[in-house]
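Based on the hints, put chain B in the right spot on chain X.
There are 2 protein chains.
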Amino acid sequence: MATVRVSLGNRGYDIAIDEPGGIGPFVAARVPSRRAYMIADYNVAARAERWQDELNEAGITSRLTTIPPGEASKSLAQLGILYERLAQAHVDRQTAIIAVGGGVVGDLAGFAAATHNRGIPLLIAPTTLLAMVDSSVGGKVGINLPEGKNLVGAFHQPAGVWIATDSLATLPDREYRSGLAEVVKYGVGLDGEFFDWLQAHSEDVTAKSPAALARVIARCCTLKARVVEQDEYETTGVRAVLNLGHTFAHAFETVAGYGTWTHGEAVAAGQVCAGRLAARRGLLPEADLQKVIHLLKAWNLPVAPPEPANVDAWLDAMKRDKKSSGGRIRLVLPTRIGSAGLFDDVSEAEIRGVLDGRAQ
Amino acid sequence: MATVRVSLGNRGYDIAIDEPGGIGPFVAARVPSRRAYMIADYNVAARAERWQDELNEAGITSRLTTIPPGEASKSLAQLGILYERLAQAHVDRQTAIIAVGGGVVGDLAGFAAATHNRGIPLLIAPTTLLAMVDSSVGGKVGINLPEGKNLVGAFHQPAGVWIATDSLATLPDREYRSGLAEVVKYGVGLDGEFFDWLQAHSEDVTAKSPAALARVIARCCTLKARVVEQDEYETTGVRAVLNLGHTFAHAFETVAGYGTWTHGEAVAAGQVCAGRLAARRGLLPEADLQKVIHLLKAWNLPVAPPEPANVDAWLDAMKRDKKSSGGRIRLVLPTRIGSAGLFDDVSEAEIRGVLDGRAQ
Numbered sequence: 491m492a493t494v495r496v497s498l499g500n501r502g503y504d505i506a507i508d509e510p511g512g513i514g515p516f517v518a519a520r521v522p523s524r525r526a527y528m529i530a531d532y533n534v535a536a537r538a539e540r541w542q543d544e545l546n547e548a549g550i551t552s553r554l555t556t557i558p559p560g561e562a563s564k565s566l567a568q569l570g571i572l573y574e575r576l577a578q579a580h581v582d583r584q585t586a587i588i589a590v591g592g593g594v595v596g597d598l599a600g601f602a603a604a605t606h607n608r609g610i611p612l613l614i615a616p617t618t619l620l621a622m623v624d625s626s627v628g629g630k631v632g633i634n635l636p637e638g639k640n641l642v643g644a645f646h647q648p649a650g651v652w653i654a655t656d657s658l659a660t661l662p663d664r665e666y667r668s669g670l671a672e673v674v675k676y677g678v679g680l681d682g683e684f685f686d687w688l689q690a691h692s693e694d695v696t697a698k699s700p701a702a703l704a705r706v707i708a709r710c711c712t713l714k715a716r717v718v719e720q721d722e723y724e725t726t727g728v729r730a731v732l733n734l735g736h737t738f739a740h741a742f743e744t745v746a747g748y749g750t751w752t753h754g755e756a757v758a759a760g761q762v763c764a765g766r767l768a769a770r771r772g773l774l775p776e777a778d779l780q781k782v783i784h785l786l787k788a789w790n791l792p793v794a795p796p797e798p799a800n801v802d803a804w805l806d807a808m809k810r811d812k813k814s815s816g817g818r819i820r821l822v823l824p825t826r827i828g829s830a831g832l833f834d835d836v837s838e839a840e841i842r843g844v845l846d847g848r849a850q
Numbered sequence: 491m492a493t494v495r496v497s498l499g500n501r502g503y504d505i506a507i508d509e510p511g512g513i514g515p516f517v518a519a520r521v522p523s524r525r526a527y528m529i530a531d532y533n534v535a536a537r538a539e540r541w542q543d544e545l546n547e548a549g550i551t552s553r554l555t556t557i558p559p560g561e562a563s564k565s566l567a568q569l570g571i572l573y574e575r576l577a578q579a580h581v582d583r584q585t586a587i588i589a590v591g592g593g594v595v596g597d598l599a600g601f602a603a604a605t606h607n608r609g610i611p612l613l614i615a616p617t618t619l620l621a622m623v624d625s626s627v628g629g630k631v632g633i634n635l636p637e638g639k640n641l642v643g644a645f646h647q648p649a650g651v652w653i654a655t656d657s658l659a660t661l662p663d664r665e666y667r668s669g670l671a672e673v674v675k676y677g678v679g680l681d682g683e684f685f686d687w688l689q690a691h692s693e694d695v696t697a698k699s700p701a702a703l704a705r706v707i708a709r710c711c712t713l714k715a716r717v718v719e720q721d722e723y724e725t726t727g728v729r730a731v732l733n734l735g736h737t738f739a740h741a742f743e744t745v746a747g748y749g750t751w752t753h754g755e756a757v758a759a760g761q762v763c764a765g766r767l768a769a770r771r772g773l774l775p776e777a778d779l780q781k782v783i784h785l786l787k788a789w790n791l792p793v794a795p796p797e798p799a800n801v802d803a804w805l806d807a808m809k810r811d812k813k814s815s816g817g818r819i820r821l822v823l824p825t826r827i828g829s830a831g832l833f834d835d836v837s838e839a840e841i842r843g844v845l846d847g848r849a850q
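As they're listed, the protein sequences go chains X and B.
Sequential numbering of the first sequence, starting at 491, is according to the working numbering.
Sequential numbering of the second sequence, starting at 491, is according to the working numbering.
Bear in mind the hints are in silico, worked out from the structure with no lab data behind them.
Don't be surprised by glycine CBs; every beta carbon is placed ideally from N, CA and C.
Possibly wrong hints are sitting among the right ones.
Cβ pair distances, simulated, as ranges [unchecked claim]:
#	chain 1	residue 1	chain 2	residue 2	range
1	B	Pro-636	X	Ala-562	22 to 28 Å
2	X	Ser-497	B	Gly-816	39 to 45 Å
3	X	Thr-726	B	Gly-772	52 to 58 Å
4	B	Pro-558	X	Tyr-723	53 to 59 Å
5	X	Gly-549	B	Gln-780	31 to 37 Å
6	X	Ser-497	B	Tyr-532	44 to 50 Å
7	B	Thr-726	X	Glu-693	52 to 58 Å
So here's chain X without its partners, still in its complex pose (with noise of 0.2 Å):
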């Protein structure tokens, strides 16, 4: 068990990892109204409600409500069934959301509380690999459009993450090794050390052994909260060291049509795609590319771009980047393992080279 904070002022909060307490106590801490709104994936709805069996216990109402799970959901229509249902539910500004499953439902559930009656409390039970690394750290929540994922959304910072490591136990395998994509850009981006470890203990975390996973969250947590408190909004360039790999990864998953390829096996491929751009700069040297491709091979991810190669589309999609700038495309690079930095002199020529399969 570990508590990681978050340390953002009034806007402060902890992430909680295995505190042996339970959910209750740790919202009623939170939650002086004493009254939550559930918004859980489907596939979670059994924990879900258990969960709401110890808030009662807690001295918290609840109310429960499911979303169908997969990206899908991160849609306008969705946000729209679920505005409506709280306004239904005549949830209120001291009532809090809270978010259980993966990324999905805590950037759908968490845009919806930043955004109904102009921002409620929310709290994120992440039940993913992903989600507990990642997304439910650090107040981005957001929405996809056709057009592009995360297009729409806001900054708004969780009043607290809850985090039981056993919900990764019945993760599809597939979904706990998107995880881990994420799991290594920290590692890359900016602890080589982490890098190193993940490397030494590789089979430990495959066969998700209750040390190496707390080690794993909690690391990926505080490295991702020390980023978040230098750069809440994003705007100094420190955040952008998060997305490395995600401009491409964004690409490939906005192409595909999401649901072809998971997030993390974007992002895995993105960081490749990364890294080989790196390496043929001489930004990053070429048996680092190796270490990383062989890192992510390890954990079944794939290490580059999707077949067949569309590559026209792709670069459309990443001038649509968030972090584009009047049509430039800007991206996180490795500098070496441990270390990454935000480059917009990227050309269009060195891109191609990295998404085209035959270039490779």
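Then chain B, alone, in the frame of chain X:
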């Protein structure tokens, strides 16, 4: 001409009233990218096009899109259309949205600006009195749901507000009078001297005397700025004072359907309800209530709830108000002309007493 500063640290901004320099330099000084996306009510499309020319002269490239006028445009459906246009126009984080029109456009385009790419710069160029004195200042943006007004929204301070009072020359009389209901609110809730001035100059105001207009708009913007500076996110109760009459008003609007009464008409009747309730409690001298009624009548504004009475539905809508908590209605009540407070001990019977026309 005057400039009112809203001091909110790095979210502070200027409200320029009849600045001789023109909109081009005003926007150029606030949008380093020199790119703008103008969203206008199509009633004022011709003015927006003229402003586009002025922006162009100042080196700012812009696109213009129009939306249908009227409260019905503050919908999730219209928002979705706007999101699609922004995405297809590749509007990025450095491009400013310029909202041209009344409160509807400001609220809708403002919410799009708050959430597109997790927030992009917003400038507001209000063309109605209501938008000039109220909705353009303070950062509240949002849309309506069938269940209630402004139930979805955000706080997103603009980068600047550009007021050209000559827009009011062509504003329909009913729209102009509706804005005056909010003007009265500032006098009653915050500034007794201003109320007295309005009483003494009500005919100049009716006649849209340029000197009277400039004074009214600058005073209201200043009063609102001072309140917003103290309570940007409406958490301390200070800002709630600006909602004098609005809990009643939103209920009248929600139940009647938007478009039956203007927002200002509903606010006028709502203020009288709040004043009458306060008078019955002994909070507000009856003579003050009569002064308020007299001034509203001088401007042809309603001073009683709409007919036929629909008390149960109004009460239900009031319970869904964003200020409500746990089903308890919280109301802003005037304590004398120039002062008001937030009360959470108002009984349903008291509210019914002022809603039920027969009892008056």
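Here's how the hints hold up against the structure:
{"no.": "1", "hint": "B:Pro-636 to X:Ala-562: 22 to 28 Å", "in the structure": "24 Å, holds"}
{"no.": "2", "hint": "X:Ser-497 to B:Gly-816: 39 to 45 Å", "in the structure": "31 Å, violated"}
{"no.": "3", "hint": "X:Thr-726 to B:Gly-772: 52 to 58 Å", "in the structure": "55 Å, holds"}
{"no.": "4", "hint": "B:Pro-558 to X:Tyr-723: 53 to 59 Å", "in the structure": "33 Å, violated"}
{"no.": "5", "hint": "X:Gly-549 to B:Gln-780: 31 to 37 Å", "in the structure": "49 Å, violated"}
{"no.": "6", "hint": "X:Ser-497 to B:Tyr-532: 44 to 50 Å", "in the structure": "48 Å, holds"}
{"no.": "7", "hint": "B:Thr-726 to X:Glu-693: 52 to 58 Å", "in the structure": "55 Å, holds"}
Comparing the model with each numbered hint stated earlier shows that hints 2, 4, 5 do not hold.
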